[in-house]
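Engineer: The opening position of the sequence shown corresponds to residue 33 in the working numbering, with each subsequent residue numbered one higher.
In case anyone wonders, no lab produced these hints; they're calculated from the structure.
Any given hint could be a false lead.
Derived SDA-like pairs: lysine to any residue, alpha-carbon spacing no greater than 25 Å straight-line [claimed, not checked]: (1) Lys78 with Arg51; (2) Lys233 with Asn152; (3) Lys49 with Lys92; (4) Lys164 with Trp192; (5) Lys233 with Ser114; (6) Lys78 with Ala143; (7) Lys68 with Ser44; (8) Lys49 with Gly79; (9) Lys190 with Val145; (10) Lys164 with Gln205.
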Amino acid sequence: SEYAETGRVAHSIAEVKARSYFLEPVGKRQLNALLKPLRADPHYDKGMEAATDMYLDYLKELAMSYGTAQPAVALEVRVNYSDYAPEGFGTSDCVMVGGDMLAVIDYKNGAGVPVSAEHNSQMMLYALGALKLYAPIYGDTIKRIHMAIVQPNAGGVKEWETTREYVEAWGIQEVRPIAELAYNGVGNFAAGDWCRFCPVKAQCTARATTLLGLEADKNKT
């Protein structure tokens, strides 16, 4: 879709800026050369510059908050949380880890739906995947999980911090049993706001039943 393509370009710009600052430092001229193909994309707009600058500024501030710990920074990290949800994986825009804190950051370019970081299931799943990836290196030193959603066009930065124990308990007690039911095709379908993102919503009986019920209620009034 047009929205997806716009998001793709914005994400690519955000990644180039973050990579050029944290991982492969370059001068302004080289940075502009890297961004030139993206700025020539038909889905590019100038508003992406300020939006992705906000993302980079947040990453800088978060990295500084680690103090002397100087976190390791990784971009576009493939995280595997299949220990909790069969075949579950995703890509985290940025992961930072240092001292006692692991941070998972997501950039969202869209303006339509503001997304909260608090108890955000996607972010918590990504945190579980990041823990699986980094715990073998950092061990029990990771105590805190910091989650942030940078959404410049819909409210700015949203943050939430909790403990590693809380996230892992959530994965074991809440995610794993439900995910296993869904994977085996025996879970209960439920319609809600999340349906807008579902690829099989057109074939979902639960959603159809809900919509028919709403239409019937509307006709009564």
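Engineer: For each hint given before, does the structure comply? Return the numbers of the non-compliant ones in rising order.
Structural biologist: Going through the list in order, the structure violates no hint and respects every one.
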